[in-house]
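*Asks:* Now for the letters of each chain:
Protein chains: 2
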Amino acid sequence: MTDLPKFVHIREEGLREGFQIEPEIYPIEKRAALVEALAETGLKHIQVASLVNPKRVPQMADTPELFARIKRRPDVAYTVLWLNKKGFLRALDIPEADIEGGLFLSASDAFCRQNNGCSADDLQEQQREMLDLYLEHDVPLKDIGIATAFGCYMEGDMPIARIDSLVRFAKELCDSRGVAPETLFLADTVGFGNPEDVRRRVGAVREIWPEVAVGLHLHDTRGVGPANFLAGLEMGVDRFDASLAGLGGCPFAGHKGAAGNVCTEDMVFMCQEMGIETGIDLDALIDCARMAEELLDRPLTGKIMHSGSLGAYRGKAAE
Amino acid sequence: MTDLPKFVHIREEGLREGFQIEPEIYPIEKRAALVEALAETGLKHIQVASLVNPKRVPQMADTPELFARIKRRPDVAYTVLWLNKKGFLRALDIPEADIEGGLFLSASDAFCRQNNGCSADDLQEQQREMLDLYLEHDVPLKDIGIATAFGCYMEGDMPIARIDSLVRFAKELCDSRGVAPETLFLADTVGFGNPEDVRRRVGAVREIWPEVAVGLHLHDTRGVGPANFLAGLEMGVDRFDASLAGLGGCPFAGHKGAAGNVCTEDMVFMCQEMGIETGIDLDALIDCARMAEELLDRPLTGKIMHSGSLGAYRGKAAE
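Top line first, the protein sequences correspond to chains A and B. The first sequence lines up with residues 1 to 319 when you count with the working numbering. The second sequence lines up with residues 320 to 638 when you count with the working numbering.
Simulated from the structure, these hints should not be mistaken for laboratory data. Ideal placement from N, C-alpha and C gives every residue a C-beta, glycine not left out. A hint or two may mislead.
As the list claims (entries may be wrong) - Label pairs and their in silico Cβ distance ranges:
hint: 1; chain 1: B; residue 1: ILE340; chain 2: A; residue 2: ARG128; range: 51 to 59 Å
hint: 2; chain 1: A; residue 1: ARG113; chain 2: B; residue 2: PRO346; range: 45 to 53 Å
hint: 3; chain 1: B; residue 1: SER495; chain 2: A; residue 2: PRO210; range: 56 to 64 Å
hint: 4; chain 1: B; residue 1: GLU596; chain 2: A; residue 2: ARG128; range: 40 to 48 Å
hint: 5; chain 1: A; residue 1: ARG90; chain 2: B; residue 2: ARG633; range: 32 to 40 Å
hint: 6; chain 1: B; residue 1: GLU359; chain 2: A; residue 2: ARG298; range: 27 to 35 Å
hint: 7; chain 1: B; residue 1: ARG617; chain 2: A; residue 2: PRO23; range: 15 to 23 Å
hint: 8; chain 1: A; residue 1: GLU294; chain 2: B; residue 2: ILE344; range: 53 to 61 Å
hint: 9; chain 1: B; residue 1: PRO529; chain 2: A; residue 2: PRO159; range: 37 to 45 Å
hint: 10; chain 1: A; residue 1: ILE28; chain 2: B; residue 2: GLU359; range: 46 to 54 Å
Unchecked claim - Among chain B residues calculated to face chain A with C-beta under 10 Å, some are:
hint: 11; residue: CYS471
hint: 12; residue: GLY510
hint: 13; residue: PHE548
hint: 14; residue: GLY565
hint: 15; residue: CYS582
hint: 16; residue: LEU629
hint: 17; residue: ALA631
Turn these sequences into a full structure, and let the hints guide you.
*Replies:* Right, here's the structure in full:
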């Protein structure tokens with residue numbers, strides 16, 4: 001498999017993905033401590049929280065205070081998610097946040113109405129304004145994300161032609177402003193993807209926009225997430241979102257049909273075992289997953305956090 | 320990926336793998352009902368229980384009674400696991416059990432001493448006797464299994480040379496008796512495998528014994544099981560062991576370091592989505608996983624059993 005990347009970049013999404021759906025709001029100092037512990041593992045990109053409507057997502061209401069609490073490492077990006085202009089302007093007011101320009105598109109119209117409160121076409125049009133706003137504030141465009149790029153519960157499977165047209169729109173928009181993102185992320189928001197489909201969709205994006213790296217944001221809703229991750233690796237994909245301890249929607253907490261991203265530490269283990277570097281200290285990351293489990297006080301879905309890494313056993317066996 | 324098989328055969332191992340490690344002994348009529356429900360899903364091979372020392376594994380003490388309770392389908396094999404001559408002779412006394420001759424080898428000597436109560440070399444020698452016993456009883460040799468074929472906690476990673484020598488031994492033994500098994504299963508007993516390693520080890524077996532199909536028995540101890548399954552598919556492997564609901568060692572039940580086989584219904588979902596047939600009704604299988612969860616009365620680790628198959632959503636979306 002010669003297309004395997006040598007190094008994989010992981011964006012840690014567990015805190016945002018996980019805590020936004022928890023019924024409980026956990027003590028801010030514990031959340032800050034978890035961010036700080038994650039930053040010591042070698043992870044270079046940690047999405048700390050989101051700036052969304054506090055009435056809809058009260059768990060994220062104290063995002064600025066959370067950022068203010070974190071003791072920062074200079075080599076780590078601490079990012080925040082926003083969905084619209086208002087959120088972006090609030091992000092600019094958080095001095096501790098690393099502001100990375102992102103554009104957001106949705107393959108499913110029905111999902112977009114639910115998640116973003118507007119049609120997919122309207123969301124698309126809003127991105128022109130967002131990009132101009134970034135340029136106005138000297139914020140470089142870093143990523144483009146396509147939500148429900150594999151399918152959604154309301155509209156079923158997403159035709160590849162729909163992805164193609166979104167990628168073409170994004171490319172034309174960027175070309176018209178003389179910019180390009182580093183990465184275009186395909187998000188399998190609710191777990192419709194399979195390995196063959198990952199290959200087809202990654203290939204489709206590259207055909208239209210070969211200059212831009214493709215990233216994958218994979219939810220492990222149906223147990224195929226790690227296989228989809230592998231299919232991405234085999235296509236040479238070297239940037240993934242992942243979620244500590246598999247945080248983010250949990251079948252055991254009454255969130256039927258939801259599940260977190262692929263589990264960060266399990267995927268780091270897979271990469272390392274395949275000889276792919278991640279820059280991450282696996283055992284330190286496993287400790288973070290266990291911290292999260294202690295904080296949430298219920299079993300999380302990550303696997304290696306419960307079984308342990310192989311380092312210790314290998315050491316013992318070599319004695 | 321042209322090596323993908325068209326059809327995948329799955330041996331359901333959840334009942335044996337799962338119930339043998341549960342602290343509780345569940346009502347026999349419930350276990351029988353679960354076997355019967357599994358047989359209605361299209362699964363053609365169900366390992367019902369094992370015949371091992373009832374003092375060591377009291378959960379399997381009523382294996383003959385369990386078999387007697389099951390209403391059988393004629394097109395399903397209901398099998399039982401034994402580890403030695405004594406177990407095999409007990410199996411012959413169960414009229415309802417489908418007797419499939421199997422030879423067992425262990426790559427790790429330390430694991431073998433723990434699991435089989437003898438050295439790996441002694442186990443190897445015992446297999447000559449086992450094979451002769453099968454021939455004597457007109458029981459055809461069906462499978463050979465190599466435990467800890469990827470590594471074990473006591474001896475660490477298993478060199479491929481060790482697998483090679485076990486496969487050569489098995490081949491010479493079979494050749495000397497003029498028989499051959501249908502399948503040689505490589506077992507990742509405690510989750511040391513990774514996708515690259517799966518490819519290497521499957522390739523190594525085929526090189527030595529090209530006439531015999533390679534099967535995989537993968538435990539999902541570190542979250543890489545589904546990716547290892549995919550790596551197997553990509554090598555053209557078309558026979559796997561799997562475990563309903565991921566049964567078989569659960570981090571949530573105090574079995575640190577243990578985990579079940581890859582989850583049957585999640586893997587069936589992956590196959591189906593990739594266009595690979597399994598002959599299994601996914602929704603019926605998910606119902607069985609939910610039956611198991613109800614019986615064990617705690618959340619099991621399977622994913623699609625909690626999120627649901629895509630059939631319903633697709634139907635809705637197509638309306």
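*Asks:* So, for every hint listed, does it hold in this structure?
*Replies:* Hints and how they fare:
Taking the beta carbon of each, B:ILE340 and A:ARG128 are about 58 Å apart, inside 51 to 59 Å as hinted. The hinted window of 45 to 53 Å between A:ARG113 and B:PRO346 holds, with their beta carbons roughly 48 Å apart. At roughly 58 Å, the beta carbons of B:SER495 and A:PRO210 sit within the given window of 56 to 64 Å. The supplied range of 40 to 48 Å is met by B:GLU596 and A:ARG128, whose beta-carbon atoms lie about 46 Å from each other.
For the hinted restraint 32 to 40 Å between A:ARG90 and B:ARG633, the CB-CB distance of approximately 38 Å keeps it satisfied. For the pair B:GLU359 and A:ARG298, the beta carbons lie near 34 Å from each other, so the given range of 27 to 35 Å is met. As the Cβ distance of B:ARG617 to A:PRO23 is approximately 20 Å, the hint placing it in 15 to 23 Å holds. Taking the beta carbon of each, A:GLU294 and B:ILE344 are about 32 Å apart, not inside 53 to 61 Å as hinted.
A hinted range of 37 to 45 Å for the beta carbons of B:PRO529 and A:PRO159 is consistent with their spacing of about 42 Å. Roughly 52 Å separates the CB atoms of A:ILE28 and B:GLU359, a value that falls within the hinted 46 to 54 Å. Proximity of B:CYS471 to chain A holds as hinted, the smallest CB-CB distance being about 8 Å (cut-off 10 Å). The beta carbon of B:GLY510 comes within 6 Å of a beta carbon in chain A, closer than 10 Å, and the hint placing it at the interface holds.
Hint status for B:PHE548 relative to chain A: holds, with the closest Cβ pair at about 7 Å, below 10 Å. Checking B:GLY565 against chain A by beta carbon gives a least distance of about 8 Å; that is within 10 Å, so the hint holds. Taking 10 Å as the C-beta contact cut-off toward chain A, the hint placing B:CYS582 at the interface holds, the least distance being around 5 Å. Among the interface hints, the one on B:LEU629 holds; its C-beta lies about 6 Å from the nearest C-beta in chain A, closer than the 10 Å criterion.
Annotation: interface hint on B:ALA631 holds; nearest CB of chain A at approximately 9 Å, less than 10 Å.
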